[in-house]
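S.K.: Each chain is listed here by its residues.
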Amino acid sequence: MTAETSRAPRYGVGDRVRIDDRDSLGHCRTPHFARGRTGTVVAVHGAFRDPERLAYHQPGLPALVLYKVRIKQGDLWRQYEGARSDQLELDIYENWLKDA
Amino acid sequence: MHDDHPHDQTFQADHDRGPASSYEVLEVALRKLLIEKGVMTNAEISGHIDEMATRTAELGAKVVARAWTDNAFKEQLIADTRGTLKAFGIDIGDVAEFRVVENTPEVHNVIVCTLCSCYPKGLLGYPPAWYKSVTYRSRTVREPRAVLMEFGVEIADDVTVRVHDSTADLRYIVLPIRPSGTEDWDENKLASIISRDAMIGTALPHVA
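Protein chains in written order, with the numbering used here: chain X, 568 to 667; chain E, 357 to 564.
The shape of chain E in the complex, shown without the other chains (with noise of 0.2 Å):
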């Protein structure tokens, strides 16, 4: 699932090519005509899209870290998720609310958009293409083991795997369970155990 073009040409076809869509000329047009008409400018969208490509999946590294080495975060962070982001140095913006969903030895959650591709951007970064893909969003709801295996995550049978569409303006983060083998790890460490897949439930942290 991760490659996008095919090997078997000899140049690198232009991602360019070919007539825009009807869904590109509408953004371009829309776009030029709010800025013709003052309602944003050039560099206000330019700058949040810069602001969102300093987002990655390292914020909710750190999230689910300090979740795993203090437990009074861990259940605030549960019970009002936007606020104590907020008090973390982290604001989620206001298009949607996140939730944590927290991995047990009974239950593994796994978070899906099948409507488009919802995706907590504001902590997570911008989604892998895999993501946003037709492939996994029709399949995640209808075998989620199946798909959890194709990505090296095998769930055993007496635990439940629990899906969750976002099909409105709640996006959902997974708190993956910590690893056995680092009782004595600092925060930095543990952050760099945890993945994005992770906090998606397509992975589980490891030890290396």
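If we strip away everything but chain X, and leave its shape as in the complex, we get (with noise of 0.2 Å):
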């Protein structure tokens, strides 16, 4: 569910984004194989409590803003074999979002 933050969102419609590769441990939405990927934000969704903490039942504050990011499945997989326009999008979480 959408809660509150303080914080204005980093990023906006267009901006390009790039999927920290970092390891996670326990509950975590950011999949393997996107990380380290650069994409595109195409929607703001707002503020959300981190599912990472939320998990182990923490209330999950200050909510991180979600975005949808849209990453080129040619970007994405190595010897992807459908069109070059194909595309992936998924919901990311702003504290493994970076600057690309």
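Watch out, some of these pointers could steer you wrong.
[Stated by the list, open to error] Quick list of the computed label-pair ranges, beta carbon to beta carbon:
hint : chain 1 : residue 1 : chain 2 : residue 2 : range
1    : X       : D587      : E       : T397      : 39 to 47 Å
2    : X       : S591      : E       : G537      : 44 to 52 Å
3    : X       : D587      : E       : V395      : 34 to 42 Å
4    : X       : R651      : E       : D406      : 33 to 41 Å
5    : E       : E431      : X       : S591      : 35 to 43 Å
In case anyone wonders, no lab produced these hints; they're calculated from the structure.
Ideal Cβ placement from N, Cα and C applies to all residues, glycine included.
Quick one: dock chain against chain with the hints and give me the complex.
M.R.: Spelled out as structure tokens, the structure:
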């Protein structure tokens, strides 16, 4: 559910972002196949409580801004066998995004 | 992908055979404890399960049929999915937000949840077994066109296939393209050709 956060979104629609490739322990919503990849923000969903903390009964505050990030399939996979225009979109929390 | 039991046996194996998994044991223990402590009752749990069972893809089909015939409704549905569904009489609950992604002549959308099996249950009911399978979840992000072919859907090379991985608290529903030949159909007739799979992205509505 959306929650309040005092921070303004760091990124806006159209921004290029890189998904961090750090390790994670326990519950994490950043798929390994997307870590280290660069994409474009296509939506800013608002602020949500941190799922990595919620999973362990912590409040998950301050809430994190959640973004929809679009990555070209050709940038995501070695030898992607579809069309060059094919895309994948996933919802990534701000604490997993870096400037590209 | 639709057969979940082998036909080479002369008996139907009991689905309950074998020891319970650790998660099954945990679920029973937790449920009993919550009931014992008065946090919830058996009736509340059954009631919720029964209520969820009333939700089927027919609900989603009605929404899509309305969106096909009423452009203002379609725009509102995309801009404010929760609010528009509420006005339509559908309460999606408070677990997640819903978003509608529209198929166009340029883009074909398909939905997956690689991490688990997130699905817009409030609108489509329970997901099919194949949607929850490791096979679907791992292959759809990696080779969506091959997966779609296996569902009998071939997308032309000049159309973008856009896969949506439901990694957070948003659930996605595909708004399929209205097929030609349905121009004078009413909403009920339109809804009858909108399948659950079409709203996941693994089927295309067609005139029979």
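S.K.: Now tell me, hint by hint, if it's right for this structure.
M.R.: Here's how the hints hold up against the structure:
1. Checked against the hint of 39 to 47 Å, the C-beta distance between X/D587 and E/T397 comes to roughly 44 Å, which is consistent with it.
2. Evaluation of the 44 to 52 Å hint for X/S591 and E/G537 yields a pass: the beta carbon distance comes to about 50 Å.
3. A hinted range of 34 to 42 Å for the beta carbons of X/D587 and E/V395 is consistent with their spacing of about 38 Å.
4. Distance hint for X/R651 and E/D406: a CB-CB separation of about 48 Å, inconsistent with the stated range 33 to 41 Å.
5. The beta-carbon spacing between E/E431 and X/S591, approximately 39 Å, falls within the hinted interval of 35 to 43 Å.
The structure is inconsistent with hint 4 alone, although it conforms to all the rest.
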